[in-house]
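These protein sequences, in sequence, are chains A and B.
With the UniProt record's numbering, the residue at position 261 of the first sequence is 261, and numbering never jumps.
With the UniProt record's numbering, the residue at position 109 of the second sequence is 109, and numbering never jumps.
Take these hints with a grain of salt, some might be off.
As the list claims (entries may be wrong) - Calculated pairs, SDA-like style, for lysine to any residue (alpha carbon to alpha carbon, straight line, at most 20 Å):
| id | chain 1 | residue 1 | chain 2 | residue 2 |
| --- | --- | --- | --- | --- |
| 1 | B | 83 | A | 278 |
| 2 | B | 83 | A | 12 |
| 3 | B | 142 | A | 194 |
| 4 | B | 83 | A | 276 |
| 5 | B | 142 | A | 91 |
| 6 | B | 83 | A | 188 |
| 7 | B | 83 | A | 189 |
| 8 | B | 13 | A | 189 |
What the hints assert, rightly or not - Ranges of calculated distance between the beta carbons of each label pair, as one might list FRET restraints:
| id | chain 1 | residue 1 | chain 2 | residue 2 | range |
| --- | --- | --- | --- | --- | --- |
| 9 | B | 149 | A | 120 | 27 to 35 Å |
| 10 | B | 24 | A | 190 | 44 to 52 Å |
| 11 | B | 246 | A | 173 | 55 to 63 Å |
| 12 | B | 13 | A | 211 | 38 to 46 Å |
| 13 | A | 211 | B | 9 | 28 to 36 Å |
| 14 | B | 186 | A | 194 | 49 to 57 Å |
| 15 | B | 251 | A | 23 | 58 to 66 Å |
| 16 | A | 112 | B | 29 | 53 to 61 Å |
| 17 | B | 149 | A | 169 | 22 to 30 Å |
| 18 | B | 186 | A | 112 | 26 to 34 Å |
| 19 | B | 17 | A | 112 | 33 to 41 Å |
Note that these hints are calculated values from the structure, not bench results.
Each residue gets a CB set at the ideal place from its N, CA and C atoms; glycine is no exception.
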Amino acid sequence: MGQGKTPSALPDIAHYTHVPNRHWGRWAAVAIILLLLTGLARAFAVGDIEWRFVGAFFTAPAIMAGLANTLWMTFGAMALGIALGVVTAVMRMSPNPVLQGVAMGYTWLFRGTPVILQLLLWFNLALIFPRLGFGDFSVRTVDVMTPALAALLGLGINQGAYTSEVIRAGMLSVDAGQYEAAKAIGMTRLRALRRIIFPQAMRVVIPPLGNEFIGMVKLTSLASVIQFAEILHAAQNIYYANSRVIELLIVAAIWYLIIVSVLTPLQMLLERRFARGTGGSR
Amino acid sequence: MSPLVSIVDVRKKFGDFQALDGVSLDVHAGEVLCIIGASGSGKTTLLRCVNQLVTIDGGAIWVDGELTGWRIDGNRLHALPEKEIARQRLATGMVFQRFNLFPHMTALENIIEGPVQVQGRDRAEASREAEALLARVGLADKAGAYPANLSGGQQQRVAIARALAMKPKLMLFDEPTSALDPELVGEVLAVMKELAASGMTMIVVTHELGFAREVADRVVYMDRGAIVESGPAAEVLGNPKEARLKAFLSAVIA
C-alpha cells in the first residue's frame with residue numbers, strides 16, 4: 001500500500017459477515033475416537049467376560065463391606081496424614097532447629113521406604129515388640145495390631161510425610177508481608193499461621209491435596225496384602241472361590257471410578273470456599 | 001517528660017552490610033517525626049527495629065517506658081519470649097509500603113482481626129469501632145469489600161484503620177505512599193495529616209518532602225546507617241548544612 005492513501009481508499013467491508021474457523025481437524029478426531037471406542041466396546045462385549053457376574057456381584061454383601069472399609073480407611077488415613085503433615089510442615093518452618101531436624105528426619109524416613117514395606121512392618125510389629133504398654137498396663141501386640149490398625153498407621157503416617165511437603169509449599173506461597181502484618185497486630189507465630197497464613201495457603205494446597213486424596217482411595221488396595229478387607233481384597237476372596245477373576249476385578253474397578261467421581265466435585269466446592277477475596281469469586 | 005521512644009546506639013548488620021551503625025534518637029508523645037534518606041540508608045530498618053520486626057544486634061530501644069525485646073536481670077539482658085514480644089508490639093501500629101492487608105478478609109474483618117483475636121475484645125463492639133474508623137479514613141461504604149476490589153489508596157487507608165484499631169500509642173509508617181499511583185498519594189497523606197493533627201505520635205519513613213515540610217515536627221536525614229542531620233522540618237529541608245543532605249535534597253527535588 002502506497003503512502004498518502006486515505007482510509008476511504010480501503011475496501012468497504014465493515015458490513016461483511018464474520019465467519020469463525022471451521023475446526024475440521026476436531027471433527028475428524030472425534031470421528032476417529034468414536035470409532036476406536038466402538039471397537040473397544042465390541043471387543044469387551046464379545047470377549048470372554050460373563051457380564052451377568054459383574055451385575056450379580058456388584059452389590060454383593062462382601063463387596064459392600066469392602067467398599068465401606070475402603071471409604072473409611074481413605075478418610076481415616078488422609079485425616080491422619082493431613083494432621084501429621086500440618087504439624088510436620090509447621091515444625092519444618094519453625095525457627096527452632098531441633099523441630100526442623102525432627103520434621104526432616106520423619107519425612108526422610110517415610111518417603112524413603114516403600115509404603116507396602118511399611119504396611120508389612122506395622123502388621124508384624126509383634127515380632128519386634130511382643131507386648132505394648134508399661135508394666136501392668138500392657139497388651140499383646142497381636143491383639144491390638146489388627147489389619148485395620150496396621151493399615152491406618154502405615155498409610156496415614158506415610159501420607160503425612162508427603163502431605164507435609166504440600167502444606168509447606170502452601171505456606172511458602174503466602175507473601176512474607178502477611179507474616180509481618182500479622183506480627184504487627186500482636187499475633188504470635190502460631191496464631192498468625194492459623195488465622196492468616198493457613199486460610200491463604202489452602203487455595204494453593206487443595207488441588208495437590210485432592211490429588212493425594214484420590215491417590216489414597218487406590219492406595220488402600222495395598223492393605224489387601226495384610227489381610228485388610230477393603231474392596232479389592234473382597235473381590236479377590238470371591239474370585240478365589242468362583243474363579244470369575246476378570247468379572248470381579250471389573251466390579252472393583254467400577255467402584256473405584258465411582259468413588260473418585262464423587263470426590264472430584266467435592267474438591268471443586270472446597271476450592272470455591274477458599275477462593276474468598278481473590279479475583280475469581282467476588 | 002520522658003520520651004515515648006528512646007533509641008540508644010542501635011546497631012544492626014545483615015551479613016556484611018552494616019544497616020544501622022549506632023543510631024540514637026528520641027521521639028516524644030504527640031510528635032511527628034519524618035525520616036528521609038536514600039534507599040539503603042537504614043531508615044526502614046530503623047523503623048522495623050522499633051516494633052521488633054527486625055532484631056537489633058546492639059544498643060537498646062525503649063517504647064513507652066519499657067525496654068523492647070529484653071529483660072534486665074542484674075547486669076545481664078535476657079531475650080524475651082515470643083509472647084512478650086507480641087504483647088510489646090501492641091504499643092505500636094504499623095503501616096507497610098505494600099499495605100499487607102489480609103486478602104481473605106473484608107475491610108471490616110481486617111480491622112477487627114487484631115482487637116477480637118489478639119486483644120479478646122467483643123466482636124460487636126469492635127465492629128462498631130471499625131465502622132467508625134472506616135468513616136474516619138473516608139471508606140464508610142467499603143466495610144464489606146475485599147482488598148482485591150479496592151484501589152491502592154483505599155487499601156492503604158484500610159491498613160491505617162487496621163493499625164489504629166489496636167489503639168496504639170505510636171504509629172509507624174514505612175513509605176506508605178511509595179507503592180501508590182501518583183493520583184492516589186493525596187488521599188493517604190490527607191488521612192495521615194488528620195491523624196497528626198489529632199495528636200498521634202508518628203514516625204514516618206517517606207520520600208514525600210512536601211508532607212514532611214507541612215506536617216513533621218522534626219525531620220531526620222539518614223545515610224549509611226547513621227543519622228546525618230536532624231532538626232525542625234523547615235531547618236533541615238530549607239537550610240541543610242551537611243553536603244550529603246544538600247545533594248540528596250537537590251536530587252529528590254530535581
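Structure-based check of all given hints:
1. 83/B / 278/A: violated, 32 Å
2. 83/B / 12/A: violated, 75 Å
3. 142/B / 194/A: violated, 26 Å
4. 83/B / 276/A: violated, 30 Å
5. 142/B / 91/A: violated, 38 Å
6. 83/B / 188/A: Holds, at about 6 Å.
7. 83/B / 189/A: This hinted pair holds, its Cα atoms lying about 9 Å apart.
8. 13/B / 189/A: Judged against 20 Å, a Cα distance of about 24 Å means the pair is violated.
9. 149/B / 120/A: 27 to 35 Å: violated, 55 Å
10. 24/B / 190/A: 44 to 52 Å: violated, 35 Å
11. 246/B / 173/A: 55 to 63 Å: Check failed, 46 Å falls outside 55 to 63 Å.
12. 13/B / 211/A: 38 to 46 Å: holds, 44 Å
13. 211/A / 9/B: 28 to 36 Å: violated, 55 Å
14. 186/B / 194/A: 49 to 57 Å: violated, 38 Å
15. 251/B / 23/A: 58 to 66 Å: holds, 59 Å
16. 112/A / 29/B: 53 to 61 Å: For residue 112/A and residue 29/B the Cβ distance comes to about 60 Å; the hint holds.
17. 149/B / 169/A: 22 to 30 Å: holds, 27 Å
18. 186/B / 112/A: 26 to 34 Å: violated, 59 Å
19. 17/B / 112/A: 33 to 41 Å: Holds, at about 40 Å.
When held up to the earlier numbered hints, the structure conflicts with 1, 2, 3, 4, 5, 8, 9, 10, 11, 13, 14 and 18 and fits the remainder.
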